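Protein chains in written order, with full-length UniProt numbering: chain A, 1 to 363; chain B, 1 to 363; chain C, 1 to 363; chain D, 1 to 363.
Derived from the structure by calculation, the hints contain no laboratory data.
Since this is a predicted model, take the numbers as computed values, not measurements.
You may find that some hints are simply not true.
Label pairs and their calculated CB-CB ranges [to be verified]:
{"hint": "1", "chain 1": "A", "residue 1": "Q60", "chain 2": "B", "residue 2": "N117", "range": "48 to 58 Å"}
{"hint": "2", "chain 1": "B", "residue 1": "T161", "chain 2": "D", "residue 2": "K250", "range": "33 to 43 Å"}
{"hint": "3", "chain 1": "A", "residue 1": "K250", "chain 2": "B", "residue 2": "K194", "range": "37 to 47 Å"}
{"hint": "4", "chain 1": "A", "residue 1": "K250", "chain 2": "D", "residue 2": "E141", "range": "51 to 61 Å"}
{"hint": "5", "chain 1": "A", "residue 1": "D312", "chain 2": "B", "residue 2": "N117", "range": "30 to 40 Å"}
{"hint": "6", "chain 1": "C", "residue 1": "D57", "chain 2": "D", "residue 2": "E141", "range": "34 to 44 Å"}
{"hint": "7", "chain 1": "D", "residue 1": "T314", "chain 2": "C", "residue 2": "A193", "range": "50 to 60 Å"}
{"hint": "8", "chain 1": "A", "residue 1": "N117", "chain 2": "C", "residue 2": "A193", "range": "51 to 61 Å"}
{"hint": "9", "chain 1": "C", "residue 1": "H347", "chain 2": "A", "residue 2": "K250", "range": "51 to 61 Å"}
{"hint": "10", "chain 1": "D", "residue 1": "K250", "chain 2": "C", "residue 2": "E320", "range": "34 to 44 Å"}
{"hint": "11", "chain 1": "C", "residue 1": "K196", "chain 2": "D", "residue 2": "K313", "range": "39 to 49 Å"}
{"hint": "12", "chain 1": "D", "residue 1": "N192", "chain 2": "C", "residue 2": "G209", "range": "37 to 47 Å"}
{"hint": "13", "chain 1": "C", "residue 1": "E28", "chain 2": "D", "residue 2": "K114", "range": "47 to 57 Å"}
{"hint": "14", "chain 1": "D", "residue 1": "N225", "chain 2": "C", "residue 2": "E311", "range": "52 to 62 Å"}
A virtual CB, placed ideally from N, CA and C, is assigned to each residue, including glycine.
Number of protein chains: 4
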Amino acid sequence: MTKTKVAILGAGFISDIHVESYQRFIPEAEILAVYARNIGKARAFAEKHHIPAYFDDVDQLLAETDCEVIDICVPNYLHAINTIKAAKAGKHIIIEKPLAVTLEEADEMIATCKANNVKLMYAEELCFAPKYERARQVVKEGAVGEVYMLKQAEKHSGPHTDWFYDINLAGGGVLMDMGCHAMGWFRWMLGNAKVKDVYATMSTVLHGGRTKGEDNAIVIVEFENGVTCVAEDSWAKHGGMDDRCEIYGKGGVIYADLFMGSSALTYSREGYGYAMEKADTSAGWSFTIFEEVFNQGYPHELKHFIECVREDKTPLVTGEDGRAVLEMLYAAYASAGQGKKISLPFHPKVDRPIDLWLNAKQD
Amino acid sequence: MTKTKVAILGAGFISDIHVESYQRFIPEAEILAVYARNIGKARAFAEKHHIPAYFDDVDQLLAETDCEVIDICVPNYLHAINTIKAAKAGKHIIIEKPLAVTLEEADEMIATCKANNVKLMYAEELCFAPKYERARQVVKEGAVGEVYMLKQAEKHSGPHTDWFYDINLAGGGVLMDMGCHAMGWFRWMLGNAKVKDVYATMSTVLHGGRTKGEDNAIVIVEFENGVTCVAEDSWAKHGGMDDRCEIYGKGGVIYADLFMGSSALTYSREGYGYAMEKADTSAGWSFTIFEEVFNQGYPHELKHFIECVREDKTPLVTGEDGRAVLEMLYAAYASAGQGKKISLPFHPKVDRPIDLWLNAKQD
Amino acid sequence: MTKTKVAILGAGFISDIHVESYQRFIPEAEILAVYARNIGKARAFAEKHHIPAYFDDVDQLLAETDCEVIDICVPNYLHAINTIKAAKAGKHIIIEKPLAVTLEEADEMIATCKANNVKLMYAEELCFAPKYERARQVVKEGAVGEVYMLKQAEKHSGPHTDWFYDINLAGGGVLMDMGCHAMGWFRWMLGNAKVKDVYATMSTVLHGGRTKGEDNAIVIVEFENGVTCVAEDSWAKHGGMDDRCEIYGKGGVIYADLFMGSSALTYSREGYGYAMEKADTSAGWSFTIFEEVFNQGYPHELKHFIECVREDKTPLVTGEDGRAVLEMLYAAYASAGQGKKISLPFHPKVDRPIDLWLNAKQD
Amino acid sequence: MTKTKVAILGAGFISDIHVESYQRFIPEAEILAVYARNIGKARAFAEKHHIPAYFDDVDQLLAETDCEVIDICVPNYLHAINTIKAAKAGKHIIIEKPLAVTLEEADEMIATCKANNVKLMYAEELCFAPKYERARQVVKEGAVGEVYMLKQAEKHSGPHTDWFYDINLAGGGVLMDMGCHAMGWFRWMLGNAKVKDVYATMSTVLHGGRTKGEDNAIVIVEFENGVTCVAEDSWAKHGGMDDRCEIYGKGGVIYADLFMGSSALTYSREGYGYAMEKADTSAGWSFTIFEEVFNQGYPHELKHFIECVREDKTPLVTGEDGRAVLEMLYAAYASAGQGKKISLPFHPKVDRPIDLWLNAKQD
């Protein structure tokens, strides 16, 4: 079996997760190279994961390796430039969320990939998380009848890395970071139905000293098919990661909880090494998570893309889906600024999605 | 990469699980052949799973294929004979629980494997189930201090296949089928500490019309290190599979629940295809399980054995461990018969472990 | 001890709950009389609960009994008229939610009670439900730091009684029936802070054949103190009653679940008499609730009012609070109609709150 | 209404619980007097609870007050002497668990109460705990078919008060303190069926420096009707009180959890006042209990006894039941000493039940 050659851009938290997924679960891929802006960080990452090459220059990586797939795990503001470079170099691309900072970037990324005839997959792992996917299956089997409402929440106490808090680099706060998951999952559950309108409220409750971005948000999305969806996203919730969905149908309901709802329950007087993502402590009661990477669906997601590349298939989640999510985030920011529903399609020109909220607040 | 060649003996429920594990998670192995006593069943299994060869004769399978590993998933009474054949043919062996029906068989199996210089792994998947393994890790990190009590329970409403209920074929009832998991896991958690004595009580509460075997049992095991362990096993518990452990230490406690504690919670008026193993129905509230095979640890277990074969390492769980478990089951049956603790070592001569209970009951 | 004399208006579901509360937990009160529009229903209720007198005429009840307290449990459209009659007769009044159908009614009720110097308590039992009150206490102790978000959900599959579905009698759908609980509880948690604005979305998903009212609603309330609150209310959720709250603070979080989160978990092949309110079935898995009346806070609430009457104290929840809740419901209906936040104070003239939604929809 | 006059013996933890029960929920009783061995403690208790009289001499209390009911909440070794005094004084008696230290005491207590024609109620609150009672009801309705196994566990990290750890005063360790609950509840669930035999294992794992008594125990009770019961009791389990039961029937199963299973779930960075009984901390995740006294059934239990006194009825749980529980505890200690089942009836002569274990261990 020849292996599909992958290079990873980025050497942070999410890159670790991708590498674990490839190395444990996707034998048909091999990681040839890693890029980080800091060469020391690139080298350390390569050594830790036994990756043969490392770079601090994407052009050099593209020129000097024969990778077929570029897996983009860099900060938001570097998504477009690297996607475009990789596409022009003829590489297939899988890219972490959100697709881009602006819709213009998104459009250019999609167009460039098309022009260069390379695949572009938008890596929304909730579309592959096994508990959620199992829920989606039983919905398709009719378990809850016709769906009329979906909820999805993702909450923790805030990222560790600085760039998330810099709205120039991230384009916004928790909505850009985590709200995109809910938006992507709603569309996935509804067969990419069309969004009618979006309402949002948001605020900065915990990290005001560190960011101008929102760290708590509620978004209501109404789809043309009549389904109402509610997203809750927060960087202000203590006690560890929370990732839940609720599916309401005319014949039943499903509750799925990825973290607390799959963990062992531990009481430790002295504490121990690690309970779960963003848990402040492991002393006292804690929810001890296991096989986090697998249970969030990263291996399933990446395996799917490698299969698409090897068998020349279209990914289930594409750049267009990523763009649709970004449009919903634009609408959410604008809605929070204006205090009313924003109808889609919606394509104002802004440098950062969050300006649609911040600028309205200043008025 | 050359693949390690595996043949599977058995074409039932557990064989399906092993095949899913190999095919999805263990690319370094390939399944060459399957054996079933009924050739039609063997052929159907082979076709379903794209296995190139099928047999209703183990000798023929051993002679005609160049497999390196025999994975034994046949009923208990066929464990010894097939292990011995495979060992004499120079094959490495991984065998489902329980290791054998009698201690004499177990001794012969172990000796034959040694004599033929082949590996013998006792496939106790609870030693690999990721939630339980995560719990074991945090115990090792000191999360609960010194352990003083362990509990493990496995319960459902009874197997589907007939031979489980025939004590001539199975050697006993739920203890042989499921009690072995608890015994194996206790030893695993305690670093294969020595058992001091075993007490058990058991009865036939639900399936008396179908079996002379026990379908409900409580076993207390006291280890020489002072740790007390309690196993609960049942074929008489409705509402789906239950597999839980509790770990009590002087500095804390861990509760881990493999099935209900990892599932989505669904209410379905009409019901749907499948909720979890042995759930009677999926209508009303149900606990919707996902990635069952992975979360029970089968891929981790089989991957470990394939690695042992490829890298010539000793399995973490061996035939000797399987024998030690069987000795505990002997002691449990004798204890239930005599109403008192049975000290180990314990090696009475019987044809079937359950006779130690049944014969005492008749007195 | 002389007992405080109470008459109950209404002989339905909620009247049973009040009577159980008085008779088991409030010995300082005695129920003298019951009124129902149907004399047979009144008599049956009186006999069932050993109440000495029954009436189908409120004026007669007021004239012929020497009750001091009128406990109003009749349908919404009869709230104002009976409150005003009782107040004019010099009776203290405790009234079930919502306070009234219109703000004009509410104003008249409050004014009449004041003019006649009688107490008017708005019976919001969530302000007394012991689990929620315990949560409120620990919040006051600083358990979660400064609160920034509250959520409250109440959902089941729809009332049994017809008048709830008739918007002429109820004034609206699930918001009037259950949304008022969330609104009342938000204010209670926040010390009756002022509401800045309300946003809502609603739809009729399950009971469209039976009502023009909404049976599913999401309401976002923003308070002047910066706290964001989210209410979810539904008559379209199967599997029994759901009543939950979530309290988010800058130093922690509390999740409280009144029904599923306090029940025993039962699997019954054959089913049994009653699992919990609005559970469709007790076969299969069910959440078996206990001491429902107590755990929802009815005895605590009624005991408080009897104490107010006996000791001449002001109730903790008054007619003004009920009016404030109703104003929030008005704003929610208007918001759902207009697709934007509605700022408070808000007092449009309508016959039924739901017209603010229905009329906007027709435009 | 004349009130039934009650005097309480004891001024500790459980006396507080009884007083809260009487004062909030049993208006037909009034507490006239309290006794404690230390007069300062008696006075402080009386002042705290507005009890008119306090004593440090039981004889004086019996002579000087006209109470009709003596509620005995003193340490185990004072149960017999005070019961006998109260009975001879013609008082009805309700007594906390265990009934007595020895069977001889129990026999004398029962006989003296009979001779003096006073009622003797054994206060097993689990027979009245509303969640457990609800479970018992649905079992009687047939929810789980014929019961074949019961489990009951009560665990925390050890009492605060010293006498519990002194086997001369308590007669034993956690079995005397908490194991009696399980024994009482098993008999209650099974209509006081006859016990066939008892097996137990026990050890001192956490409090060896403070007590010779067992602080961890497993007891298996087999009833003549074929039902197997398992009790788990511990003073060595951290993280707060655990009180659970499981009911297994041929047609279903019920799980009921009194503490964690009825609480709110709180994450508090800073901690707060009180989470639940014996919780070491309220920082981090905690299970916030509410209405503890009510939900454990104390008001229901005491109300029942007051009703028995007022209406001259026989208590549902009598001195004979308390004696039967004590006999089971004797058998458990003897079994743990001898390593075998002990058949009932069983009445060895010992000063302290625990001697049946300790003396056998010394052999």
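Going down the list of hints, with the structure as the test:
no., hint, verdict
1, A/Q60 with B/N117: 48 to 58 Å, "52 Å, holds"
2, B/T161 with D/K250: 33 to 43 Å, "21 Å, violated"
3, A/K250 with B/K194: 37 to 47 Å, "59 Å, violated"
4, A/K250 with D/E141: 51 to 61 Å, "30 Å, violated"
5, A/D312 with B/N117: 30 to 40 Å, "47 Å, violated"
6, C/D57 with D/E141: 34 to 44 Å, "40 Å, holds"
7, D/T314 with C/A193: 50 to 60 Å, "55 Å, holds"
8, A/N117 with C/A193: 51 to 61 Å, "59 Å, holds"
9, C/H347 with A/K250: 51 to 61 Å, "36 Å, violated"
10, D/K250 with C/E320: 34 to 44 Å, "57 Å, violated"
11, C/K196 with D/K313: 39 to 49 Å, "59 Å, violated"
12, D/N192 with C/G209: 37 to 47 Å, "54 Å, violated"
13, C/E28 with D/K114: 47 to 57 Å, "38 Å, violated"
14, D/N225 with C/E311: 52 to 62 Å, "54 Å, holds"
When each numbered hint is compared with the structure, violations occur for hints 2, 3, 4, 5, 9, 10, 11, 12, 13.
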